[in-house]
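Chains X and W, in that order, are what the protein sequence lines are.
Quick note on numbering that gives the first Met the number 0: the first sequence kicks off at 0 and runs consecutively.
Quick note on numbering that gives the first Met the number 0: the second sequence kicks off at 0 and runs consecutively.
Hints should not be assumed to be uniformly reliable.
[Unchecked claim] List of simulated lysine to aspartate or glutamate pairs, EDC-like, C-alpha gap at most 20 Å:
1) X:Lys-67 <-> W:Glu-73
2) X:Lys-158 <-> W:Glu-16
3) W:Lys-252 <-> W:Glu-280
4) W:Lys-252 <-> X:Glu-34
5) X:Lys-67 <-> W:Glu-65
6) X:Lys-67 <-> W:Glu-78
7) W:Lys-252 <-> W:Asp-75
8) X:Lys-38 <-> W:Asp-61
9) W:Lys-252 <-> X:Glu-185
10) X:Lys-38 <-> W:Glu-280
11) X:Lys-18 <-> X:Glu-30
12) W:Lys-252 <-> X:Glu-55
13) X:Lys-38 <-> W:Glu-248
14) X:Lys-38 <-> X:Glu-16
15) W:Lys-252 <-> X:Glu-33
16) W:Lys-252 <-> X:Asp-40
17) W:Lys-252 <-> W:Glu-231
[Claimed, not checked] One side of the interface only, derived from the structure: several residues of chain W facing chain X at Cβ under 7 Å:
18) Arg-7
19) Val-10
20) Glu-16
21) Phe-45
22) Leu-58
23) Leu-62
24) Leu-63
25) Ser-66
26) Leu-70
It is worth saying that the hints were derived from the structure and are not from the lab.
C-beta atoms are modelled at their ideal positions from N, C-alpha and C, and glycine is treated no differently.
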Amino acid sequence: MEAVLGRAEQAAYDSDEEKLLIEQAQNGSREAFEELVRKHDRDILRLAFHMLGNREEAREVFQETFLKAYRSLSRFRFESSFYTWIYRIATNVSLDHLRKRQTLKEEISYESDTESNPDRPALKDTLAATTYYSNPERRLYGKEVGERIQEALKSLSEKERLVFELRHYQGLRLRMIGEIMGSTEETAKNYLFRATQKLRAQLGKV
Amino acid sequence: MSCQEYQRQIVLSLYEELQEGERSGLDTHLRECTGCRQAYKEHQEFSSALAEDETAWELPADLLVESRRALANELDNIERKRSWWRMPAFSVVFTPMRLLESATLIALGLAFGVFISNQQGAPTPTGIDATIASVPQNGRVSNVRIVSTDASTATVEFTGDVVQPLRFTGRLEDDTTRQLLFSAVQDSMNPGSRMQAVEVLARKSSEPSVKEVLIHALLNDENLSVRLKAFEGLKPFAGDEDVRTAFMEALMKDPNDGVRVAVVDALAPFTKSEAMANSIEAVTRYDENNYVRLKGQGLIHMVGAQR
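Kindly generate the complete structure, drawing on both the sequences and the hints.
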């Protein structure tokens, strides 16, 4: 988590070299644009993949995000960091895709999962079991945990999921997340709290 | 502040999102409230559990490579469509500097036109030198445009391009031969012709202009055989910087496993520095082909062992 946070913050504020690249790209340098893409594409793809949960849509969101950036880069005025700007595009595109799909519209009630699956072990127990096994087996359990978390993430609203994804997995600060969402840090805090509460309820008492 | 509000602060504190004052307020409350202390412990365990989610950090190995390739192709398409708009005459962005440049170009063009017509004495009505009496035998006229018609004399004036069949024999060293081969590589619709042209040019691939055309074919030709032929021509020069750069690009974006395997093999003997090995490893890290991936990783060890 520390590493991710460090990387994200560095990317957000590492601006001198980036400013030059942006200016070159604005003047039509394809190479400069591709270098900008390279600096952020892994994070954007991870965001898209986590948000959408499947390869095809993640690839579409990835492509749409950078093509939008390519087409509108001339209008970028350095009022925010490039990192924030590209994330804003990516989150909007991801949310559009989620809305189109309309599969995350229904809120799942907090209790339903644990009540309807009384035999399912709590997340803590699954994880505790993993420590007794050798690595490949542990990976298998890790995968199982990951799948359960992915499933639980579906119980979140679009915005809750977005904030949780950006804070927990991408390591962005809530202030920046508020900026990306065109909202405030306080709103982002509320979404993060609600997301965590729902996830805990979904994944069982740890 | 209610325990419910402290619950919110507990979550935020675990994400290190509390202000210093809020943090000490929470610490004080936790010392006094058993319920919130228990909740804090549970949240802490939950955070650790989430951190154990091994899949969370992983992207499918080939997804990044695929996505990058698809994006690069799409950017190519956009650039192709845009390229003619970039010519000064079609530029749609009128900055003062551009306007000045355009005005200068027009003025120079007009001055040149006046100079030429004065030199020639009696100009043709259309200003076109290549006025012809008839279309050459076997010739084909394209791009025909009617310039004027005169009903009184029943005459029509055209402009157009005459395309004539050509047979030419020349040595590879001759400029005309080279130009024709370059045209074949870059413009021919026939992949067989492109491949033959590349094959012939490959004999002179040490020459910069030939190398450039082969690089263009390697990176842009849609036909696999043409790309492979271009690669073969360039392979002996994998140590040259421009060829190496082209190989790296091919390694990154060529959709064919065979090309990427050949390229990574060709780069291996010239990978002397750690930086170069790292670049190759980064490009091949998510390649869908096992050989390419392993070869990329192997180069780092190889360079390390040589030190």
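Structure-based check of each hint:
1. X:Lys-67 <-> W:Glu-73: Roughly 12 Å separates the two Cα atoms, so the pair holds.
2. X:Lys-158 <-> W:Glu-16: Given pair X:Lys-158, W:Glu-16 holds - Cα atoms ~18 Å apart, limit 20 Å.
3. W:Lys-252 <-> W:Glu-280: Distance of about 14 Å is within 20 Å: holds.
4. W:Lys-252 <-> X:Glu-34: It holds: about 15 Å lies between the C-alpha atoms, which stays within 20 Å.
5. X:Lys-67 <-> W:Glu-65: With a Cα-Cα distance of about 19 Å, the restraint between X:Lys-67 and W:Glu-65 holds, given a limit of 20 Å.
6. X:Lys-67 <-> W:Glu-78: Given that 20 Å is the threshold and the Cα spacing comes to 14 Å, the pair holds.
7. W:Lys-252 <-> W:Asp-75: holds (12 Å)
8. X:Lys-38 <-> W:Asp-61: holds (18 Å)
9. W:Lys-252 <-> X:Glu-185: violated (43 Å)
10. X:Lys-38 <-> W:Glu-280: Between X:Lys-38 and W:Glu-280 the Cα gap is close to 16 Å, so the pair holds against 20 Å.
11. X:Lys-18 <-> X:Glu-30: With a Cα-Cα distance of about 14 Å, the restraint between X:Lys-18 and X:Glu-30 holds, given a limit of 20 Å.
12. W:Lys-252 <-> X:Glu-55: holds (19 Å)
13. X:Lys-38 <-> W:Glu-248: Measuring from Cα to Cα gives roughly 17 Å; hence the hint holds.
14. X:Lys-38 <-> X:Glu-16: Measuring from Cα to Cα gives roughly 11 Å; hence the hint holds.
15. W:Lys-252 <-> X:Glu-33: holds (13 Å)
16. W:Lys-252 <-> X:Asp-40: The hint holds at about 15 Å.
17. W:Lys-252 <-> W:Glu-231: Holds, at about 18 Å.
18. Arg-7: At 5 Å from the nearest chain X Cβ, W:Arg-7 passes the 7 Å test, so the hint holds.
19. Val-10: holds (5 Å)
20. Glu-16: OK, holds: W:Glu-16 within 7 Å of chain X, min 5 Å.
21. Phe-45: Holds, about 5 Å.
22. Leu-58: holds (6 Å)
23. Leu-62: holds (6 Å)
24. Leu-63: holds (6 Å)
25. Ser-66: At about 5 Å, which falls below the 7 Å cut-off, the nearest Cβ of chain X leaves the hint on W:Ser-66 intact, so it holds.
26. Leu-70: W:Leu-70 check passes; min Cβ-Cβ to chain X is 5 Å, inside 7 Å.
In this structure, the one hint that does not hold is number 9.
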